[in-house]
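**Student:** Sequence:
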Amino acid sequence: MTNISETESFARANFPLQAGFDPAVVKAFKSAYRKLSARLNIEKGKQILDLGCGRGLVIEALHDISGWLTGFDFSHEFLTCAKKRNSSVKFIQGDMEAIPLLDEKFDVILAITSIEFTKNREKTLAEINRVLKKNGLCYFEFRNEDFFLPRLLSNFIREFLVKFGVLAPIKQKDFTDLKYSEWKNLIQKAGFYILSEFPSLRPWNYGNLLTKLKNLCIEICKYILPLSKQYMVSFSCEKRA
Numbered sequence: 001m002t003n004i005s006e007t008e009s010f011a012r013a014n015f016p017l018q019a020g021f022d023p024a025v026v027k028a029f030k031s032a033y034r035k036l037s038a039r040l041n042i043e044k045g046k047q048i049l050d051l052g053c054g055r056g057l058v059i060e061a062l063h064d065i066s067g068w069l070t071g072f073d074f075s076h077e078f079l080t081c082a083k084k085r086n087s088s089v090k091f092i093q094g095d096m097e098a099i100p101l102l103d104e105k106f107d108v109i110l111a112i113t114s115i116e117f118t119k120n121r122e123k124t125l126a127e128i129n130r131v132l133k134k135n136g137l138c139y140f141e142f143r144n145e146d147f148f149l150p151r152l153l154s155n156f157i158r159e160f161l162v163k164f165g166v167l168a169p170i171k172q173k174d175f176t177d178l179k180y181s182e183w184k185n186l187i188q189k190a191g192f193y194i195l196s197e198f199p200s201l202r203p204w205n206y207g208n209l210l211t212k213l214k215n216l217c218i219e220i221c222k223y224i225l226p227l228s229k230q231y232m233v234s235f236s237c238e239k240r241a
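Going by the numbering used here, the letters in the sequence shown line up with residues 1 to 241, in that order.
Mixed in with the good hints there might be a few duds.
Pairs of lysine-lysine residues, derived as DSS-like cross-links and limited to a Cα-Cα distance of at most 25 Å, are as follows [as the list claims (entries may be wrong)]:
(1) K105 - K134
(2) K119 - K44
(3) K84 - K46
(4) K44 - K239
(5) K30 - K123
(6) K46 - K119
(7) K123 - K84
(8) K134 - K83
(9) K239 - K123
(10) K179 - K189
(11) K119 - K189
(12) K119 - K239
(13) K133 - K239
(14) K30 - K83
(15) K44 - K133
(16) K184 - K35
(17) K105 - K123
(18) K46 - K30
(19) K119 - K35
(20) K84 - K119
(21) K27 - K84
(22) K44 - K90
(23) K189 - K239
(24) K123 - K35
(25) K84 - K134
(26) K105 - K90
(27) K46 - K133
(28) K46 - K239
(29) K123 - K134
(30) K133 - K123
FRET-style restraints, in silico, Cβ to Cβ [unchecked claim]:
(31) K134 - W68: 16 to 22 Å
(32) D103 - G67: 17 to 23 Å
(33) R240 - H76: 34 to 40 Å
Since the hints were made in silico from the structure, they are not lab data. Because the structure is a prediction, the values reported are computed rather than measured. Positions of the beta carbon are idealized from the N, C-alpha and C atoms, including for glycine.
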C-alpha cells in the first residue's frame, strides 16, 4: 500500500498548491491532452478515470471534449485543489493498489506519471485491469531516473532555480527504478495489449523566462546522454483478456 503521508509530503514539496496555475501551463496541457483524446478516440459519453489526477490539469484539459470524468488520487491536498477547478467532476481519494470501484466500470483509464509512486506495481496494474471494461483503452505514461538525468547534468542551473523556488530538489522517490523494457513487460503481463508506444505528450516548454531557461538547459543536456537511454515514454493499450 502506498504511504499517503509520503504522497502529501511530495505534493507540498513539489507543487505550489495554493498558487494556482500559470495560464501558459494550462494552455499547453490542454493542447497536449486534446491530442491524446484524439489519439485514443475518446468520445462524449465515455466513462473516463484519471488515476493519480493530481491537481486536475488533465481533467481540465479533457473536460469540454470528452466523456464522464472521475479523478482519483492519494493526496487530499491535490484533490482539494482539483475540486476547486473542476467542481462538476467526481473525485475520490484512495490507494491505486485497492481501487474502491466496481469491476469493468470505465471505458478509458489514464495513468499519467502516477504508477511509479506505488509500491506494488503488479497489484496496481491488476486493479486497473479490473475496473477497465473489456476492449477498454488505457494510457500509461512513465518517467524513470533517466528523465531526471538531464536536470542532474545541469546542476549549476538547477541549484540556482531551487534557491529561488522555481524547482523543487529531486528526491529518489520522485521516479521509478524500472527500465522501459520492464514497464512494457509488466503491462503485457497484466493483460493489456499495447497498441502503440510514443514519446510523452506532456508539454515542458511553457512558463516564465526562468522556466524556459531551465527547459532549454534540459534539452541541451539530453543530447549528452547515450541515445539508448529511455527518457520518457507512453503506452496506448487495450484490455483484451
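**Student:** Now, for every hint given, state plainly whether the structure supports it.
**Tutor:** Okay, the hints, checked on the actual structure:
Annotation: proposed proximity of K105 to K134 holds, straight-line Cα distance about 10 Å (limit 25 Å). Taken as a hint, the K119 and K44 pair is broken in the structure, with Cα atoms around 34 Å apart against an allowance of 25 Å. In summary, the hint linking K84 to K46 is supported, as the alpha carbons are separated by about 23 Å, within the 25 Å threshold. Proximity of K44 to K239 is assessed by CA-CA distance (about 20 Å); at most 25 Å being required, the pair is judged to hold.
For the hint pairing K30 with K123, the CA-to-CA distance comes to about 31 Å; that exceeds 25 Å, so the pair is violated. The suggested pairing of K46 with K119 is violated, with an alpha-carbon distance near 30 Å, which exceeds 25 Å. Note on K123 and K84: the hinted pairing is violated, with a Cα-Cα distance of about 31 Å set against a maximum of 25 Å. Between the alpha carbons of K134 and K83 the distance comes to roughly 30 Å, so the proposed pair goes past 25 Å and is violated.
Between K239 and K123, the direct Cα distance comes to roughly 16 Å. Compliance with the 25 Å bound is thereby established for this hinted pair. A distance of roughly 16 Å separates the Cα atoms of K179 and K189; the hinted pair therefore holds under the 25 Å criterion. Between the alpha carbons of K119 and K189 the distance comes to roughly 17 Å, so the proposed pair stays at or under 25 Å and holds. About 23 Å separates the Cα atoms of K119 and K239, which keeps this hinted pair within 25 Å; it holds.
Proximity of K133 to K239 is assessed by CA-CA distance (about 7 Å); at most 25 Å being required, the pair is judged to hold. Using a Cα cut-off of 25 Å, the hinted pair K30 and K83 holds, with the two alpha carbons roughly 18 Å apart. For the hint linking K44 to K133, the alpha-carbon distance of about 16 Å falls within 25 Å, and the restraint holds. Only pairs whose Cα atoms come within 25 Å are accepted, and K184 paired with K35 is accepted, the gap being roughly 23 Å.
Simply put, K105 and K123 have alpha-carbon atoms about 18 Å apart, close enough for the 25 Å limit, and the pair holds. For the suggested pair K46 and K30, the alpha carbons sit about 19 Å apart, so the restraint of at most 25 Å is met. The suggested pairing of K119 with K35 is violated, with an alpha-carbon distance near 31 Å, which exceeds 25 Å. Straight-line distance between C-alpha atoms of K84 and K119 comes to about 29 Å, which puts the hinted pair past the 25 Å bound.
Only pairs whose Cα atoms come within 25 Å are accepted, and K27 paired with K84 is accepted, the gap being roughly 18 Å. Distance hint between K44 and K90 is fulfilled; the C-alpha atoms sit about 16 Å from each other, no more than 25 Å. Only pairs whose Cα atoms come within 25 Å are accepted, and K189 paired with K239 is accepted, the gap being roughly 11 Å. Distance check on the hinted pair: K123 and K35 sit about 30 Å apart at the alpha-carbon level, beyond 25 Å; violated.
Between K84 and K134, the direct Cα distance comes to roughly 33 Å. Violation of the 25 Å bound is thereby established for this hinted pair. At most 25 Å may separate the alpha-carbon atoms for a hinted pair to count; K105 and K90 meet this at roughly 14 Å. For the hint linking K46 to K133, the alpha-carbon distance of about 11 Å falls within 25 Å, and the restraint holds. Between the alpha carbons of K46 and K239 the distance comes to roughly 16 Å, so the proposed pair stays at or under 25 Å and holds.
Pair hint K123 plus K134 holds up; C-alpha atoms about 18 Å apart against a cutoff of 25 Å. With a C-alpha separation of about 18 Å, the suggested pairing of K133 with K123 holds against the 25 Å cut-off. The hinted range of 16 to 22 Å is satisfied by K134 and W68, whose Cβ atoms lie roughly 18 Å apart. At about 19 Å, the beta-carbon gap between D103 and G67 stays in the expected band of 17 to 23 Å.
Hint check: R240 to H76, Cβ distance near 36 Å, so the stated range 34 to 40 Å holds.
Violated hints for the displayed structure, listed by number in ascending order: 2, 5, 6, 7, 8, 19, 20, 24, 25.
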